[in-house]
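Asker: Mind assembling these two chains? They're in different frames, but the hints should get you there.
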Amino acid sequence: MQSDTSERVRPGGAAAAAAASAPAAAYHERPGPEGSLVETRAFSLWYGATQALFDITFDIHKGLVTALIGPSGCGKSTLLRCFNRMNDLIDGVRFAGEMRLAGRGIYAAGTDVIALRKRMGMVFQKPNPFPMSLFENVVYPLRVDGVRDRRILEDAVERALRGAALWEEAKDRLQENALGLSGGQQQRLCIARAIASDPEVLLMDEPCSALDPIATARIEELIDELRGRYTIVIVTHNMQQASRVSDNTAFMYLGRLIEYGETRTIFTTPKLKQTSDYVTGRFG
Amino acid sequence: MSATETTGGGRTGGHWRRHRATDITARGEPFLWMLGGGLAFGVAMIVGFLVLVLWNGLAAFYPGPIALVQLTSGDTFAGEPVRSEPFEPPESEVATLSDALRAEIADNAGMAVRTLYRIGNFDLYGEDFRWVPDHAVASITYPPDYYHVERLEWGPFIGRILRVNFDGLEVAGDAVSATALHEQHGAARERWRRLRSIVKGGIGEINREIEGARLDLRRAALRHGVGAPEYAEVKRELDATLAGLEREYATLAAEAARLKALDERFTITFVDGAGSETSERLSSVVRMFPANDLGLGGKLGVYLSRWGEFVGDEPREANTEGGVLPAIFGTAAMTLLLVVFVAPFGVITALYLREYARQGRLVSIVRVSVNNLAGVPSIVYGVFGLGFFAYIVGANIDTFLFAERLPSPTFGTGGLLWASLTLALLTVPVVIVATEEALAAVPRSMREGSLACGASKWQTIRRVVLPRAMPGVLTGLILAMARGAGEVAPLMLVGVVKLAPELPIDGVFPFLHLERSFMHLGFHIYDVGFQSRNSEAGKPMVFVTTLLLIALIALMNAGAIIVRNRLKRRYAVGHF
Ligand SMILES: Nc1ncnc2c1ncn2[C@@H]1O[C@H](COP(=O)(O)OP(=O)(O)OP(=O)(O)O)[C@@H](O)[C@H]1O
Ligand SMILES: [Mg+2]
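Residue numbers (the working numbering), protein chains in the order written: chain P, 97 to 380; chain E, 971 to 1546.
There could be a bad hint or two in this list.
Here are the computed lysine-lysine pairs in the DSS-like style, where the Cα-Cα straight-line distance is at most 25 Å [said to hold, decoys possible]:
hint, chain 1, residue 1, chain 2, residue 2
1, E, Lys-1427, P, Lys-222
2, P, Lys-222, P, Lys-267
3, E, Lys-1538, P, Lys-222
4, E, Lys-1230, E, Lys-1170
Quick caveat, the hints were computed from the structure, so don't treat them as lab data.
Same shape as in the complex, but just chain E (with noise of 0.2 Å):
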């Protein structure tokens, strides 16, 4: 911009008249610096929440030292610090301190510093975690012997492992070999894994298979009466099946006897700071580490171990400890399943708008009410999901097709279907918006292009128009993927449970349960963080899972958006 821009007329009066130099509101700097503040407090917040997520996130697998605290008052105990913060203590508390420490805590207006440590052994004291002010302390050490413990019940055991019996050989806890000791833990896990995948897989299958017979048998007996000899020819199959069954259930029973007999026999006694005593069975132990005896690399090997847990196995201890694997899963399913709905629907409906209704007042209304149906409550969704979807069109389904496993319902009640289809409806406004705006987009000479080629209006859109409008329909695609794959509420009413026991994709015939409860990482969040037995346990877990969740949509998103650019690319408009 240069100062001699002109402002107003050229000649006024015969002369010419003195241009003024732009001045800085005409410039409009002022505004550019607002704009450009917004902008940049707005990416402040989002990167600060990013980070911290982050922060929180990565850092919680990684182990801590164990600090063994020796207090004034004579108990000692060992746990992992977590945080320090200033508190004001008690006056009853005040009162029963030395004059030194009053002095100073009277210096400080009061307050004292108190740190917060996980002690774990809940089964010994009732409590993960326990506040100790910092003048109660009289030493702390970090001794090399004492370890972190997980356990598949009562969370973790900080202490020393006092002896150890494999197989009825003792040995006390300072002669136990590190390489006897990890090679014995790795074989009682092994046949930890055995036992489940026994319990699981095979029993569970009989007991699948011993349902689905007698499913057949309630079939026959809907279907022909109990009298009628068809019901007397499948009862009698059922029957040999069920005798089978019967001797391969023995089978797997005892040897599921036999695996846990041997694993009563290899057991592990750990003592902590107070010198309290708990024995396990070696195989109830997931991983155990001296914490303070680790070097890095050490440190590094229990994080990924953690991690490869996290991202590939079971939840367990009410979700607070394990992994997340169905939730991944859950969540995954969910949202490919929601764009598979929501794709043609909102497609179908904006083509529709756009190009075969007669541009009026109705299609007005209609438009103004789509854009509407995007602010209603999604819980208001979620309760329509469960009145609709459940229980009038999956009673129907059940009364129809499933009248044998009545009075439990198999879509009649929430489930991966109906969630899918609840979210759908949420984020269809989003799509049918998207596609309009995309398809109104799309030049006129195109159409007329086609057209005059002799082309029927259909294979216009078909041909020409859709594909030109691609990329604002992924868009449109992208938005309410990432809109629904964060949802919670609706989907706490429509099927998301807080485990539920089977994926809702497996090995057996249909392959893919859309009836099936599934889990759901946004629900992880919620109920770890704000329904546990310990907050302060599942916070850790919070920061992970919803850097998992995150990491899980933006991942989606990607490829979304990967796809969309391909297309854009195709169609972007060449040089002239």
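This is chain P alone, in the form it adopts within the complex (with noise of 0.2 Å):
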């Protein structure tokens, strides 16, 4: 691993921070090979009268694994879902500032939503898969895209449960229901459908926190395997997880980000105390 961690303070995000009262946040994360995918500016939400995001400025790059970290209700889920505009869905979500796929803005006037969401995969907290048999689970998102070739479909579907390490267990069953599978199972299912349609950008909030020490050790391998062709966002409480899988981390606390670098770093030798203290555990 090459290591760029010299202290550097994005424009944005000294624009954003001087206009905040907040203090400004530490960056010193690792770059990608290919640059940031995912740009974010002092970008700010609100449900309804509270604030759940103060003026988050980042960059995700692209091929690696970044991992948001911080304690419950911090707004990791609200800031995952920023970025394929789940919280649409939500009446009364006012935001500010910009948030940028590729350069092109995520909320900008005319954009095609569903076309933003089918190049992002996205896994939720808990498995959700629909009431279907596993086969048309998988190739949900084909399906929707207009695929009707059964050839394609079939490929996807041993592509996509490869990847998501469930083929063994799947293959024989592939036209039953996807409900009669076990959590593990869904969750990695979830995972199957996220990958199926090759999204560039993975979404995965806590997709472990369900499963037993064997799954996730299994989704830990996957996210590994999928480093550099996938850049991969995913949301943990778990410490060690967050270690072992990413390449850059960004902590956060009510709705701040506080400082975003390089793991090793940020779990080592963190620049700000506040990040020390609750990657180490001493945290109020």
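Answerer: Spelled out as structure tokens, the structure:
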């Protein structure tokens, strides 16, 4: 691993930091070989009258695994759901600031939300397979995209299920109802569904919170395999997991981004005391 | 529940507080008993009702014995005892009785017992039933040669066979062999059926073609004018067709006349208990059996043959006898059409209200209105259906599509289509409410999963939300179906009739005749039980028809429930 941990402050971040009363965030992340893919600039979000995100500015680098950590309720899921505009579904959500996917504004007027979501696969905190067969679950993104060719669908199913480490268990029961799977299998099925249509970005919200150690290990293996091909953002409460799988880690607290940097540094020598308190478990 | 369950805090004043034993109000058992009692009461009432209907309905067709009753006055009559009850004989009657009987009645506080006999023979006496005080009866015998005879007209006859006349060959009643009688009766019934099929089928078909040709001519006249060459062309064709049809008609009519003449030569003469005779064509006897001379097998045979006629034949005798096939058919067809109309209408409305409309005051008002619609008396829907569907929509359809048939209405009057649509309106609130609830119960995570895959809102609804909500939608449809199939009041205005000449579905193009009026089991119950000349005679029919209606609804619901449970199993939440 090359290291570029010199302290930098991004122009946008500096502006935002200057505008807000909050202390400036610390940035020392490792840039990806192909630059940034998702750029967030001074992004704030309100659920009705309560503000959930404050002035977030950071870049997610292409081909890398980025972990979002922070105490419960600090806004990790909210931020993750902003990337593919899932928060549009909630009444009374307002936001300010900017988000870009490969340079194009995610919230810009005239954005095709459906096309945007097709570029991003999402794995939810709780497995949410559809009440259909395993096969139909996995090919769902292709079906809604209008793919009819049986061979393409079958190839996609095998590829996605192998990718999600479910192929061996599932290959003989593709026509069975997905709700008959165990929780861990369902979660891997949802991962297979998320990668079936080859999205550029994979958003994972605590994908392992309901899984046993073996399934967790499998999913971590999977993330490792996908590294480089996909850009992955993973929310996790598990510090070991974050340190094992991610390249960069963002620490959030009370809706703010506190520190964003290379994972090894965050977990060994973080720049800010708040971060070190949290990762070492001394946090109030 | 343990007796040491805590009801308050732990430590008070430095001492462990004693825990009270859970008392009975805390356990809530009295309430449980009350609720259970209420439930048991409700269930008992429903079960009682079902048992009543089932027992009376199933027993209605079982042949009873025929009693030959000798009265003290010297009169004799034959009849089937129906039931006995205590009554208070009038003073004038009591005064004529013997001292012993008078004393007995006085002992019973002026009450005596009377028995209702079904004497039949309406053609002779003008009544089917007769009450006889038990003290007026001298003797009762059960003679084996007395027959219960079901006829095409005048209801049953109860009496002996005096003689038969098989095409000039006269045989006395006690000399005719049972097999010969059976054979001849079968042949006569076959003849009668042939005759009916010629009159209803062949000649009816010709009449329909003549009517069709006449309508073609009328249409040509309306379109081109009477003087136009097209009209003359059509008229020439019509004349040719008519001539052909005329010839066919003559052949059929001759055949019918021949059969009829043959039929006249087979007669049977009965004599009743009092000695009055009546002659019938053998073919007009539907069924006859010596009730007192039948073993269990024979009685079961009669029972089953009556059931067969009931579910498979047309009604006769102003609906009090015969079958209810057209009514079964009408009820089923109407209910299925109702579902066909109400399902898309209700589901689309609910989808819009729940998924697309902005949830605000307007939607709330619409929702409350829909719920209130369920409380509008059904007869109001009937009036609306007649006024709007038949007289406005139907009349317009007639002017544009069936102008040649005017002034006799085609769609401009009650019919299957309008009846189903009226009931669809009546039941749509149920479907909307059930569907909305089912949609609301689809977990948000499933919608989000679908949207995150890049599905549009419509794709999400169609592929994930609707299938998942389907069991709930089906529950709504089942409720709507049950309500619709049992509804009678509005139907009397929009298409149900006492006796429909034709079934709404037959082999004539376009097979499903939505404009036709039809018969309905619910209306049949009302008609037979409360509108016929003799409600006592219709009583068994009421029970049997009720039984059938309940069975039909149960059957249709069972079908829907099976489908729903299949779906439910499919969407049952798996283990986590
Ligand atoms: N739909 C909503 N409406 C209103 N407030 C919300 C909504 N969703 C989240 N919030 C609030 O936003 C804040 C951030 O929530 P979020 O779900 O992003 O937390 P999180 O970091 O994912 O927590 P956890 O680790 O427990 O999942 C919380 O205070 C929460 O109460
Ligand atoms: Mg969360």
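Asker: Look at each hint and say if it fits the structure.
Answerer: Evaluated hints:
no.: 1; hint: E:Lys-1427 - P:Lys-222; result: 21 Å, holds
no.: 2; hint: P:Lys-222 - P:Lys-267; result: 23 Å, holds
no.: 3; hint: E:Lys-1538 - P:Lys-222; result: 22 Å, holds
no.: 4; hint: E:Lys-1230 - E:Lys-1170; result: 15 Å, holds
Violated hints: none; the structure is consistent with every hint.
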